[in-house]
Structures are given as C-alpha cells and as structure tokens.
Amino acid sequence: MSDEPAAFASMSRKVPFEIALGAAILAAWVILAIGAPVFAGADPNAIDLLAILQPPSLNHPFGTDHLGRDVFARVVFGARIDVWMGVAGVLPPLVIGVTVGLFSGYFGGLLDTVMMRLVDITVAFPFFILVIAIVGMLGPGLGNYFIALALVAWVSYARLIRAEVVVLKNAEYIQAARALGYHPLYIVLRHVLPNAISPIVVYAMSDAVLVILAGASLGFLGLGAQPPTAEWGVMIADGQPYVIDAWWICFFPGLAAVTLGLGFLLVSDGLAHALKVTS
Amino acid sequence: MIWRSIGAAAAVAACILTGAGSAGSEELVRIASPYKTTTLDPSRSAAAGNIETFGQLYARLLRRDQNGELAPGLAESWEISDDGKTVTLTLRDAKFSDGSPITAEDVVFSLLRVRDHPESAYPAPLQQLAEAKAKDEKTVVLTLEHPFAPFLGNLEVFNAGIVSKTDVEARGEEEAFASDPVTSGPYQVREWRPNDRLVLEASPNYWREGYPKNDGAELIEVGSENTRVAMMLSGEVDAAREIPWSQVSDLQTREGLEMPLEPSTVIYMTLLNEGRAPFDDVRVRQAAAHAIDVKAVAKAMTFGHAEPANTTLPGALDFHHSEYPGIAYDPAKAKALLEESDYDGEDIVILISDIADIDKLAVLLQAQWAAVGLKAKIEKVDRGVWWERIPNGDYDAAPSWWYNETMDPDLAARWALCGTCGNRSFYTNYDDPKVNELIEAAAAEFDPEKRTALYHEIQEITTTEVSQIPLYYPPFTNAYSARVEGLQMTPALQWTLEETEVVE
Amino acid sequence: MSRLSVIGQRLLHLIPVLIGISVISFLLVKLSPGDPIRMLLGDRATEEAVSMVRERYGLDRPLLEQYLVYIGNLLQGDLGRSIRYRLPVGELILDFLPRTLFLVLYVMCLSVPATVLLAIAAARNQGGWIDQSIRVLSVCGMTIPVFWLAVMLSRFFGVELGWFPVSGYGETFIEHLHHLFLPAVSTAVWLVPLLVRNLRAAILEQMEADYVTASRSKGLPEGYIFRRHIFLNSVLPTLHLLGVMVAFLIGSSVVVEIVYAVPGLGALMISSVIGRDYYVVQGLTLVYALGTVLVTLTVDVISTLVDPRVKL
Numbered sequence: 170m171s172d173e174p175a176a177f178a179s180m181s182r183k184v185p186f187e188i189a190l191g192a193a194i195l196a197a198w199v200i201l202a203i204g205a206p207v208f209a210g211a212d213p214n215a216i217d218l219l220a221i222l223q224p225p226s227l228n229h230p231f232g233t234d235h236l237g238r239d240v241f242a243r244v245v246f247g248a249r250i251d252v253w254m255g256v257a258g259v260l261p262p263l264v265i266g267v268t269v270g271l272f273s274g275y276f277g278g279l280l281d282t283v284m285m286r287l288v289d290i291t292v293a294f295p296f297f298i299l300v301i302a303i304v305g306m307l308g309p310g311l312g313n314y315f316i317a318l319a320l321v322a323w324v325s326y327a328r329l330i331r332a333e334v335v336v337l338k339n340a341e342y343i344q345a346a347r348a349l350g351y352h353p354l355y356i357v358l359r360h361v362l363p364n365a366i367s368p369i370v371v372y373a374m375s376d377a378v379l380v381i382l383a384g385a386s387l388g389f390l391g392l393g394a395q396p397p398t399a400e401w402g403v404m405i406a407d408g409q410p411y412v413i414d415a416w417w418i419c420f421f422p423g424l425a426a427v428t429l430g431l432g433f434l435l436v437s438d439g440l441a442h443a444l445k446v447t448s
Numbered sequence: 022m023i024w025r026s027i028g029a030a031a032a033v034a035a036c037i038l039t040g041a042g043s044a045g046s047e048e049l050v051r052i053a054s055p056y057k058t059t060t061l062d063p064s065r066s067a068a069a070g071n072i073e074t075f076g077q078l079y080a081r082l083l084r085r086d087q088n089g090e091l092a093p094g095l096a097e098s099w100e101i102s103d104d105g106k107t108v109t110l111t112l113r114d115a116k117f118s119d120g121s122p123i124t125a126e127d128v129v130f131s132l133l134r135v136r137d138h139p140e141s142a143y144p145a146p147l148q149q150l151a152e153a154k155a156k157d158e159k160t161v162v163l164t165l166e167h168p169f170a171p172f173l174g175n176l177e178v179f180n181a182g183i184v185s186k187t188d189v190e191a192r193g194e195e196e197a198f199a200s201d202p203v204t205s206g207p208y209q210v211r212e213w214r215p216n217d218r219l220v221l222e223a224s225p226n227y228w229r230e231g232y233p234k235n236d237g238a239e240l241i242e243v244g245s246e247n248t249r250v251a252m253m254l255s256g257e258v259d260a261a262r263e264i265p266w267s268q269v270s271d272l273q274t275r276e277g278l279e280m281p282l283e284p285s286t287v288i289y290m291t292l293l294n295e296g297r298a299p300f301d302d303v304r305v306r307q308a309a310a311h312a313i314d315v316k317a318v319a320k321a322m323t324f325g326h327a328e329p330a331n332t333t334l335p336g337a338l339d340f341h342h343s344e345y346p347g348i349a350y351d352p353a354k355a356k357a358l359l360e361e362s363d364y365d366g367e368d369i370v371i372l373i374s375d376i377a378d379i380d381k382l383a384v385l386l387q388a389q390w391a392a393v394g395l396k397a398k399i400e401k402v403d404r405g406v407w408w409e410r411i412p413n414g415d416y417d418a419a420p421s422w423w424y425n426e427t428m429d430p431d432l433a434a435r436w437a438l439c440g441t442c443g444n445r446s447f448y449t450n451y452d453d454p455k456v457n458e459l460i461e462a463a464a465a466e467f468d469p470e471k472r473t474a475l476y477h478e479i480q481e482i483t484t485t486e487v488s489q490i491p492l493y494y495p496p497f498t499n500a501y502s503a504r505v506e507g508l509q510m511t512p513a514l515q516w517t518l519e520e521t522e523v524v525e
Numbered sequence: 003m004s005r006l007s008v009i010g011q012r013l014l015h016l017i018p019v020l021i022g023i024s025v026i027s028f029l030l031v032k033l034s035p036g037d038p039i040r041m042l043l044g045d046r047a048t049e050e051a052v053s054m055v056r057e058r059y060g061l062d063r064p065l066l067e068q069y070l071v072y073i074g075n076l077l078q079g080d081l082g083r084s085i086r087y088r089l090p091v092g093e094l095i096l097d098f099l100p101r102t103l104f105l106v107l108y109v110m111c112l113s114v115p116a117t118v119l120l121a122i123a124a125a126r127n128q129g130g131w132i133d134q135s136i137r138v139l140s141v142c143g144m145t146i147p148v149f150w151l152a153v154m155l156s157r158f159f160g161v162e163l164g165w166f167p168v169s170g171y172g173e174t175f176i177e178h179l180h181h182l183f184l185p186a187v188s189t190a191v192w193l194v195p196l197l198v199r200n201l202r203a204a205i206l207e208q209m210e211a212d213y214v215t216a217s218r219s220k221g222l223p224e225g226y227i228f229r230r231h232i233f234l235n236s237v238l239p240t241l242h243l244l245g246v247m248v249a250f251l252i253g254s255s256v257v258v259e260i261v262y263a264v265p266g267l268g269a270l271m272i273s274s275v276i277g278r279d280y281y282v283v284q285g286l287t288l289v290y291a292l293g294t295v296l297v298t299l300t301v302d303v304i305s306t307l308v309d310p311r312v313k314l
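Chains as they are written, first to last, in our numbering: chain A, 170 to 448; chain B, 22 to 525; chain C, 3 to 314.
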C-alpha cells in the first residue's frame, strides 16, 4: 500500500485521542457515581404510584418506571454499582488467569498438565450452576457474584494468554534471553508478558461489558443485586414486561451500559496499541 | 455488511418458506402457558400446570357446567343419606380411552389411591372419606367420617379423576403413567415432551357424546411472558396464560384477540410469620396491615384490573364476605399500634422468589412499611430455597399468591387459616382455636344460610387478627384468538377445552 | 509423536477431568440449598408425601452413599432418572441436545464468515470510517441486552412482518432453519463483535511484525503477505476464543432459547437447576463437559494445522 507511512503516522496521533476519549467517558461515569446524590436530582427509590410509567419529560428526563420511580436518578445511582462491577468482576479473574496461563504456558510440563486439566474442569462447568451453588452456600448478593466470577472467568484469560505464550516462548529473542542466562521469572515478566498481554487487555475490556450484562441475567435468579437497589441490569430485567409499552425503562439503563462499555472498549483499543509500541 | 447479508438471507428464507407454518388438516387447540406438566399421575402433584393437565385427562364423578354449578359427570346421579354420612353414586355407561368400561371398582381404587397412597400429594379433599365400596358394577357407596357439606364439590377436584385399576395394576404405577396413561376424560396423550409440550388427542371413548369438539390440543410451556404475547400476536397459539398486566389494555384493542379477564380464585397476599418476633405480636401485624394502601397496591400491580382484597379468602369463592370493609389504610393508626407493640426497630426480612411481578409487590410493601416505621429488607431467592425457608419459618413476611381448586371455601380455609390442619395456616403459624372450630363447624353445616354466617365469622376474625395481609383478587389474564370458540378458564384453573371449537 | 496418538492421549486426559467434574458437580448441586420435592408436589402437598418422595429418591441418605450409588449407576451407563419427570436422564438429554447443537452450528455458520469479513475490513482500513463504524456497531452489539434484542426482533420480523416464527423448532431441516433464524441472529449479534475485536487486534499486531516488514521490503505483494502470513498468524487467538465461545454457547444459549421458546439444553438446564432436578443437572453437566473438551481438542488440532509451531 502506497499510503502506508501516512496511515502509520495518523495512527500514532489517534492513539492518545482514543484513550483520552475512553478515559473521559469512564471518568464521567465515575464522577457521576461518586456524586450521585448531587446529580440524580431525585431519590432513586422514591415510589410515586400516581406517576407510574410516565414517558420522559422535563420533570423526569428518562421517564418513570412501573413504581413511578425516576429512571434518571436510578441510572445515576446505578452507576455506583455497575462501574464497580466492571472493575471487581474483571480484575480478580484477570490476575488469576494471566498468572496461571503465563507460567503454565512458559514452563509447560507437569504444571501445565495439571493447570490445563483444571481449566478443562472449570470451563466444562455450566456457569449458572456454579454461581447458584456458590451464592447458595455464601448467601445472595453482589459480593458473592464476584467470587463466583473469579472462580469461573479466569479460564478465558488463562487460555488466551497460554496460546500466545506457547508461540512466543520459541521466539528467537526469548531463546536468546534464555541462552544469556536470565532468570526465567525475569524473562516471563519482562519479555513474555508484555508481548502476550494485548489480546488479554482487549478481551478484559469486552469482558467488563459481559460481566455487567451477565450480572443482569442473574438478577432473575435472585443472585444479583437485591431489590430495590438501582442497578442497570436489574432495571433492564424489571422493565422486561414493559418493553413494548414503556420502552424507556429498559432503554436508558441499556444506553448507560452501552456508553460505559464504549468507554472500556476505547481504552482497551488504545492500551492495546500503546502496549505494543513500548514492547 | 452483516446487516445486508442478514437482510438478504432473511428475504430469501422468507421467500422459500412462505406458508411453511400453516397447520395440517387436523385442528389442534394450541395453548401457551408458563406452567409445566411434570407428571401424568393425578395423585402425584398439586402444582399448577399439572392440575390443568389432569383435568383434561381424567374425568371426575361430578363436573361443573357452564354456569359453574355441579352437574353429573361419570356419576349419572347420587343420593345423600339423611344423616349426611353416606353418598351413593350411580355411574353411567362410560369407557376408558382403551375401550374398557369404567366400573365402580375403578372409582373406589382411584379415590382411595388419592386418600391413602404415601406419595399422594394432596389427600386433603378426601380426608373425610371413611370408606369407599363398590356395591355393584355401577354403584359406589362412599361413607364419611362425619357429615361434610363440601364433599360433592371435592369429588370434582382435579385429583379425584378416575384412573383404570386394571391398567395400573397390570403395568405398575410407574409404567402406567409414564407416557400413555389410560384416560377417562375427553383426551388421551399423543406425545409428551417434558419441559416442552404435551400433545393431547381426543379420546375415542369419552362419555359426553360429541365432545371434545376438536381433534386435540397442544399445551406448550412458554416461560417468557413477552414470548407468549408474541405467539398470540403472530397466531402461533390460540390461547395464552398470564399476559403481563401492562399489555392487557393493548391486547384488548387488537382485532382477532380477546381478553375477557375471567374471574379466578387467586388471591395475592403476604404471609406473616407468626412464629417469631415481631409478627407474633398481633399489634405489629395490624400495624403492618393498616400501613398498606390496598387500593393503590391493587391498582399499581394490575393497572386497575384487579379488585382490592377485603378478607383473607379469595373473592371468587362461595361465601366470600363481600360487604366486609377490610382493613382500612390508616398510617397514623399503624404508627400508634407499632409504638405500643414490642417491635424493637429491627429490620424484618421480606422473602420473595422469582415469580412474576413479586419484586414490584415487595418493593411496594417495603416502602409503605417504612413510612410507618417498620423497617424491612428484601431477600430474593429462587423458588427451591423459598420453599425450603417458608415451611421452616425462616422469614418474616413473604408476599405471594395462592388459589383454591374448588369454589367451596373449605379447602381454602384449611389451607390458609387453620392451625391444626397440617400446615400451620400456610406456614404462618397462625393458630386460633376458635377459627379451627369454626372451620369444622362450617364444613358440617348443610344449611347455606348458616354456612354463610360461619364463613363470614371466620373471615372477620382472621382478617382482624391479620393471619395474612390480603392484597388483591386478580382475574386471569388469558388471551384468546378468534380462531377458537368456547375456550375459557374456570375460576378453579381448568380449561373448558372439550367445549372448544376451531372456527377458522 | 503422531498426531493421532496425541489425540488419543488427550482423550485419556478426559477421564480425570470427568471424574473431577462429577465429584464437584455432585457436591455443588447437593450442597446448594433448596427443596426439589415441594416444587414437584405442589404448594399444598402434605409433609408426609414430601418426606416419602424424598426417601424414595434416597435424598435422605448420607452424601457419600448417594454419590457412590450415582457413580455405580453411571459406570453402567445409567445417568439416573429425572426427579421431576421420572424419565431416564439420558433420554431427556438426547431429546433436547439436537436442538441446541443445531442452534450453535447455525450461529457459527452466521458468525464465522461475518467475523472474518468484518475484521479484515476493519484492520485494513484501520482508523478509517469503515473501521470506526464497525467499532461503534460492535460496541452496540455487545452491550445490547440479548433479551431486549431478541424481543424486538421477534416483534418486528415475527409479528409485524410475519417472516419468521416467534417460537418453536419445527419438524424438518428447512423448518429448523426458518424457526431458529431469529434466535441464531440474536446470538450472533453479540458473538460476532466479540470475535471481530479479537481478530482485528491480532491482525493489526501481525501487520506490524518484523517479518511482515521484511516481506514487504522484499517486495512481496501486499495481498500475498496478508493472506499467507498476517491472516493465518492472527487467526490463532481468535480460534481459541471461538472454542471457548462454542462451549459457552452449548450451555448458555438459554436466553434466546427462553425468548424464542426453543426447547434446548439451556432451557432444560435452567429449569432443572431451579427445580433442583439433581440427576438431570448432573447428567447435563457431564454431557456439557464432554462437549467442551471435544471442542477444545478440535480447536487445538486445528491450531497445529494452522501454525506448526504450536504443539498439541
């Protein structure tokens, strides 16, 4: 392609913009979440039976739900839980999965065999069973959902990174580093990890979105946030019977999830690129 | 790009397949319901879904006619002795689906099976039956422990259906009901796909001449309410149960659809656990009841389609006390009662499961109780856990619903209000000796006027003492297509399938 | 070692995995609270009947004994009987399996070509409007709640236009395609973006790899480099993700199965978990495990074909 250098140059200009935009969206949600009582303008749990299912208006910019609660206030308060969910639901499995995948892929042998059998067992478990059982034993609530997630979701990370590492460990520069007698730990952390991490980062950000949505589908089993807590996923699930007549109950929390997801994904793209540049 | 290719594929598929969905020459009545058929043995379950199925497969001695009155079923006629303790029924010449005659032996076998079998799920309707005997081929003599007014009505309950003694003994209980039971009702099983659908076909030997008026029926399990609506709108089914309240008005205006909102024996209420503080104190229960604006709750929950409840018994039942004013909405009184009670300000637990709309109800109760100073937190669990915690008394309040399978209030009262009938008043631990006595007295009373007075007294006492907090009496939100005529649901959850004609 | 013997060895690895799964699933299901019998017999069932049925299924015996009985039956190929339906679990699962497999394959047939086309288009036009619109669309695809999309598609294409049925599975192959089209599309809408993002990132990474620059400097045509090097090397991580997702779909197509009333494994699983139908849940878990391991194995074998550097 004749315009290759130009494209490359324009790309490097775009990277910071992407991260900046994504970070700005995430920051906006974090600020909204922290300042929820100020921004919401209404009590998210205040019921008004005389004003149920009202379409968006000046008084209620996002309309009201089936109990006359202000959807805007609930979306803003819901950010507190959902932003937290995107972090707490992703980080622990990511750390566990990357650690397992990195070492078992690099060192191979017995460690790899055992770890991969563990991966096989975990991955073979239907997600809902595990979550129901764990939450059943620990009690309902979001905290236990995170624990269940950590126990299940690490597998995707472990496999993704292992697939990368298995290829990388035969690369010439890694072999060279080994020949030079560097400590294996140093090689793994300094050379393998940075080169293997980009699909992980990309996946983690999309995973954050999936975690938020999966949290919603757990709501109906009584395993997500407990009512009347405002949480986007539960709001969407609650709005289900009204999806035809009162679209706004599902739509706005859905839109909130889309924008939060967009934030995560933009940062993910930017980071993926940045990581590649530094390595 | 993906959209374009999907669009193209869609168009192609649509062209190829136009008309592929049209039905064959057979006229099946297709019904979508969220409730499952889990067994074909009428004695083994009393769960919604199964009872709808049992009603179609097994005929009872008596039936309800179109006005809801008791009419002859398999029994052509009956006589009650003067002391009220002996019922003699004469059977008509009827046949099972396999062509064998329905005899007095089969009747005795079926009834005793429900009463005595250790795995019989719901023996309550036949609890007063002391002895059942086949006097001859066509005569059954039933002797009661004591005079019992609701007895004939109980012979119409879903699990009093007649099964074939010969077949059950020949194939064994498991095999006989596994997939193709011999039936006495309007239908027999063509195909049962558990967790999916039950396909019925007309029994060639049903005793009512000319019935069923269709070739068969398909009872399809559809868990999602939006899907049931979509199936109705696209004509994939002829009837659907439990249309969401918010879509009722919309569907009522659609051409080719009907939503008659038939009366039901369903009552929405909240259980209060009287086995532990704070609801062991009647003042706290009364405070909790006065705090709730039942009219507003009924309106909010059902978009104005349900009557607010005024007593602890379902509004459609015989002897319902419709003039009773109910528990007044009076937050000031609630606060006063609460202050004078032993309530210590601790959070109570509202235990809910995953049934439709119940979150909404729980949040409403929580808010109205909070307004008078009764603090509550909601715990949502799945149904398996709910049914473990309720009998164990591990809850404070539990909004839910129940219904009665006959119009007579006897079974309802024993189930929900009686402390000595086996389930401690629906596991609320409510136990008033006076009420327990009145329930027995009302059942033994044959004079309708006196029975009315007794049941009114029961409702007054239990409502004042707040054995449960009655909330509202919803009608059925069934939708029907114009393709069928004569299909409805009786208040006791039975489809009038045999009367149904496919007209288009 | 020959590829075949490696595959054989991998199948042997399956045994400890299956044992591990059977133990853990048994414990999890048994230890999770909830009473199956009450839901089965109905609200008004008597305490006596409830305890009788519990006894009948051996649910009152010690856990170890229950497990040993279960394993004993399992070794004879008997998955047990459904508590709810009193039917053999194997029969029940075989009844539901084809529908879910059909759906998953259908989803794959829609998703894989779309993924490859979109990812290549995005990567080759990086930063351009095509790339940006694909990105925005994929964000929407991933974040739109599946049930919402499913309800909307069924209302529009099923009810308003009448092009597709809104429920069921049909009887013939053509009918299956017709009935499952909307469910498959509803699933593909979130699956494709996930795969596209992954593949696009991998392609971009490869495009800047040293060997690509070297090939370019040798004057090899861009199209050749892309087909011969970049694409093949990028496909590996996505293949693994696809494997994970196929396995995930087998057990988790539940939302679309419920919205479109398709009686598949996902719907059976959820209703069995809620109904605490222990043996069905365990049987499904084992079948599901078997499927997952086979999918993984297939992906690994394909990986070695794509990239000889990967060892099985």
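Treat the hints with care, as some may be off.
[Unchecked claim] Residues from chain A shown here face chain B by an in silico Cβ test under 7 Å; the list is partial:
(1) Ala202
(2) Pro410
(3) Tyr411
The set of hints was computed from the structure by calculation and includes no laboratory data. Every value quoted in this text rests on a predicted model; they were computed, and no experiment measured them. We put the beta carbon where it would ideally sit given N, CA and C, even for glycine.
Consistency of the hints with the structure:
1. Ala202: 22 Å, violated
2. Pro410: Hint on A/Pro410: holds, closest Cβ of chain B at ~4 Å, below 7 Å.
3. Tyr411: 5 Å, holds
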